[in-house]
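Colleague: So the chains spell out like this:
Number of protein chains: 2
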Amino acid sequence: MKAEIISVGTEILLGDIVNTNSQFLAKELASIGVEVYYQQTVGDNEDRLIKCFEESLKRSDIVITTGGLGPTDDDMTKEVAAKYFNQKLELHNPSWDKINLYFNKINKVPTENNKKQAYFPKDAIILENNNGTAPGAILKKDNKTIIILPGPPREMVAMFNESVKPYLINLTEDVIISKTIKVYGIGESRLEIKLQDILKKQSNPTVALYAKEMAVDIRVTAKAENEDKALSLIKPVIENIKSILKNSIYGEDDETLEDSVAKILVDKNLKIAVAESCTGGMVSSQLINYPGISSIFMEGCVTYSNEAKMERLGVKRETLNKFGAVSEETAIEMAQGVSKTFNTNIGLSTTGIAGPEGGTKDKPVGLVYIGIYINGQTIVKKLNLNGNRQLIRQRATKDILNELRLKLINM
Amino acid sequence: MKAEIISVGTEILLGDIVNTNSQFLAKELASIGVEVYYQQTVGDNEDRLIKCFEESLKRSDIVITTGGLGPTDDDMTKEVAAKYFNQKLELHNPSWDKINLYFNKINKVPTENNKKQAYFPKDAIILENNNGTAPGAILKKDNKTIIILPGPPREMVAMFNESVKPYLINLTEDVIISKTIKVYGIGESRLEIKLQDILKKQSNPTVALYAKEMAVDIRVTAKAENEDKALSLIKPVIENIKSILKNSIYGEDDETLEDSVAKILVDKNLKIAVAESCTGGMVSSQLINYPGISSIFMEGCVTYSNEAKMERLGVKRETLNKFGAVSEETAIEMAQGVSKTFNTNIGLSTTGIAGPEGGTKDKPVGLVYIGIYINGQTIVKKLNLNGNRQLIRQRATKDILNELRLKLINM
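Taken in sequence, the protein lines are chains A and B. Position 150 of the first sequence, counting from 1, maps to 150 under full-length UniProt numbering, and the rest follow consecutively. Position 170 of the second sequence, counting from 1, maps to 170 under full-length UniProt numbering, and the rest follow consecutively.
Think of the hints as simulated: they come from the structure by calculation, not from any bench. Treat the hints with care, as some may be off.
As the list claims (entries may be wrong) - Just the calculated beta-carbon pair ranges, DEER-fashion:
hint, chain 1, residue 1, chain 2, residue 2, range
1, B, N321, A, T378, 33 to 43 Å
2, B, E46, A, E227, 24 to 34 Å
3, B, N130, A, T360, 33 to 43 Å
4, A, E162, B, L199, 30 to 40 Å
5, A, S294, B, N204, 53 to 63 Å
6, A, N410, B, M1, 57 to 67 Å
7, B, K322, A, E227, 51 to 61 Å
8, A, E162, B, N143, 42 to 52 Å
Even for Gly, the Cβ is constructed at its ideal location relative to N, Cα and C.
Turn these sequences into a full structure, and let the hints steer you where they fit.
Modeller: Here's what the structure looks like:
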């Protein structure tokens with residue numbers, strides 16, 4: 001079964017609002033096995049909307065529209081859909097009663113143009129709106145269906161979940177299930193080479209790569225007659241990918257990099273303290289994203305100045321003088337110092353040149369040292385990062401979290 | 001001049017990500033007087049993409065695509081666009097050199113499939129990508145134009161601003177100039193009422209509101225035959241808005257809230273230290289976004305535990321026992337303590353319940369106290385914030401920066 005999504009409304013066409021409705025519908029339709037090959041956005045304009053219906057229903061069985069069900073004259077989605085199917089609108093009394101009730105409840109009376117919202121083709125299935133005044137509807141002619149939903153996301157989402165989803169599930173036979181594997185430290189192109197055998201064999205399940213900032217998501221999607229069968233198709237593919245990528249995988253589905261690190265720290269009860277220079281609080285802030293971190297997160301220090309590095313962390317003045325604040329030696333002393341000061345198992349440190357000023361030939365913008373002290377052992381890593389000040393800081397933050405993760409799982 | 005936007009990519013089609021690219025482009029195109037009547041989304045599929053090009057270029061002069069420029073085989077936007085125009089792809093050496101440089105910098109070598117990103121039709125205008133590996137391009141045939149841009153928003157936005165916008169403005173006769181005023185602490189609907197006289201008079205310049213997280217941007221846009229004339233249309237409107245909103249305005253154009261605060265601190269040479277509990281490093285991290293902050297940012301402390309609050313900041317045990325860590329009293333002692341410890345003019349503090357656990361009837365999730373000590377005076381403010389853990393922390397961070405800003409400009 002093929003469907004298309006048509007978003008109707010000038011505010012989306014002109015970019016005044018982000019189209020979250022399309023994303024919601026696309027995701028929901030995929031999850032119940034309805035294929036979507038096109039989405040469109042068009043303004044409140046009869047001619048253009050008619051052309052969209054023509055084009056879409058040539059290619060697909062179902063069109064789902066959002067928007068254009070309001071009480072004013074420029075709201076015309078329902079009227080145009082009925083006209084396209086050559087169906088006449090009649091007053092639907094239960095809907096009109098419901099609109100009256102809605103207004104009574106807020107001590108108001110509906111205006112005459114609200115009545116427009118209660119007109120529907122005689123044979124349409126009316127979709128109740130429990131969050132606003134505009135009912136939706138399912139219009140059918142021959143084998144083609146137009147489902148019209150209101151534009152406000154809260155009304156649309158509720159109406160879809162309550163009425164449209166059950167209606168569509170009834171029409172479909174298969175379910176579609178996805179699992180995501182999350183990878184850090186291997187770029188998209190390199191991943192494609194590593195996984196080329198799996199990627200080429202794509203059919204059911206399919207395997208797709210999605211590049212994120214510094215990371216790649218691998219999504220495995222299967223179609224089957226029920227959830228168990230879909231999961232059993234996915235399982236061996238995921239195991240295969242895991243056997244190839246091993247430790248580069250930091251999580252699954254909604255798990256973040258900081259979640260995966262924080263989880264290990266809490267599970268192993270490893271106390272941690274963080275000393276940050278160029279990242280300026282980002283590493284601590286990421287770790288604290290994880291609820292329950294308080295049992296092992298002892299303290300974070302944003303030691304941006306040399307004085308703070310010496311006084312707070314015990315970095316030696318001679319180290320700073322001889323090697324500079326951005327150096328392997330300083331990163332090591334920061335990591336060791338912060339761990340010692342706060343009596344933790346682990347100390348993290350970052351020091352680097354985030355720019356835009358301050359770079360030299362030897363120490364260019366983007367040079368960052370990250371230090372990790374764990375139970376008596378210290379490692380330090382030199383990074384050369386691209387991007388503006390904020391990106392360099394964000395990338396250094398992700399990199400140290402991933403290095404710590406690798407260290408922890410090998411412990 | 002009519003344009004259409006085609007978003008290419010399975011991740012948008014399947015609803016994995018929200019299509020912010022279309023919104024950005026729609027808004028930008030409207031601002032320079034390019035008309036957009038349709039937006040489309042299509043997967044990485046040659047036949048369907050060709051059909052989209054056909055349909056769109058029948059109706060419009062220009063098609064702008066986003067996505068599908070990656071190194072892998074399913075990335076095919078450029079190849080399909082060239083095929084549609086019947087143009088052959090050739091290796092563009094400067095682009096290939098640039099890709100090599102990009103990888104060299106991060107101590108990696110490009111894979112053979114990265115080379116695909118450097119192939120273009122001979123006569124295409126190549127658009128440099130300063131934030132990633134995939135260059136964009138402008139392809140032309142007869143009176144029709146296809147502009148292909150990368151999918152990652154950061155790369156796409158920069159490329160549009162640097163190359164595409166000037167190119168399109170050149171094709172139009174008038175110049176369009178925008179100035180943005182940035183407001184914190186007044187919601188969009190309230191702003192609309194405050195500015196209703198100005199908003200109603202919109203024609204040239206137009207005045208539009210754009211709600212951001214916790215803030216609203218007011219964009220004033222004028223169209224005129226040259227920049228000076230456009231600016232002289234904008235100026236009185238901006239002055240009018242400033243006279244109404246006064247201190248609620250924190251900046252103009254690209255200025256961020258943290259920029260505006262940090263700038264005052266540096267100008268007035270006011271030394272600052274930060275003690276964070278629930279925000280866990282976000283306040284420090286935001287301040288350090290500002291280059292040049294090092295002259296006045298003394299130190300940041302992430303004192304997440306009670307022990308850290310006592311040992312590092314001198315918060316009294318009896319205060320924590322009597323009032324709790326999340327209290328006005330603790331926030332005051334944290335702000336005063338961090339300022340005293342690091343000998344600064346200003347001390348900031350945050351303490352709150354970010355959730356999802358830990359809320360009680362008296363102290364629900366979202367309760368945050370922020371403290372500001374400035375030269376002998378301490379203020380504390382109680383916030384009740386909505387949202388998930390991350391949002392509550394981000395909102396508390398923005399709120400304390402704005403409170404500090406208001407304090408500083410009244411000094």
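Colleague: Does each hint fit the structure? Answer for all of them.
Modeller: Hint check:
1. B:N321 <-> A:T378: 33 to 43 Å: Holds, at about 38 Å.
2. B:E46 <-> A:E227: 24 to 34 Å: The hinted range 24 to 34 Å holds for E46 (chain B) and E227 (chain A), with Cβ atoms some 33 Å apart.
3. B:N130 <-> A:T360: 33 to 43 Å: violated, 22 Å
4. A:E162 <-> B:L199: 30 to 40 Å: About 37 Å separates the Cβ atoms of E162 (chain A) and L199 (chain B), which means 30 to 40 Å holds.
5. A:S294 <-> B:N204: 53 to 63 Å: At roughly 56 Å between Cβ atoms, N204 (chain B) and S294 (chain A) fall inside 53 to 63 Å, so the hint holds.
6. A:N410 <-> B:M1: 57 to 67 Å: Holds, since N410 (chain A) and M1 (chain B) (Cβ atoms, about 59 Å apart) stay within the stated range.
7. B:K322 <-> A:E227: 51 to 61 Å: Since K322 (chain B) and E227 (chain A) have Cβ atoms about 53 Å apart, the given range 51 to 61 Å holds.
8. A:E162 <-> B:N143: 42 to 52 Å: holds, 49 Å
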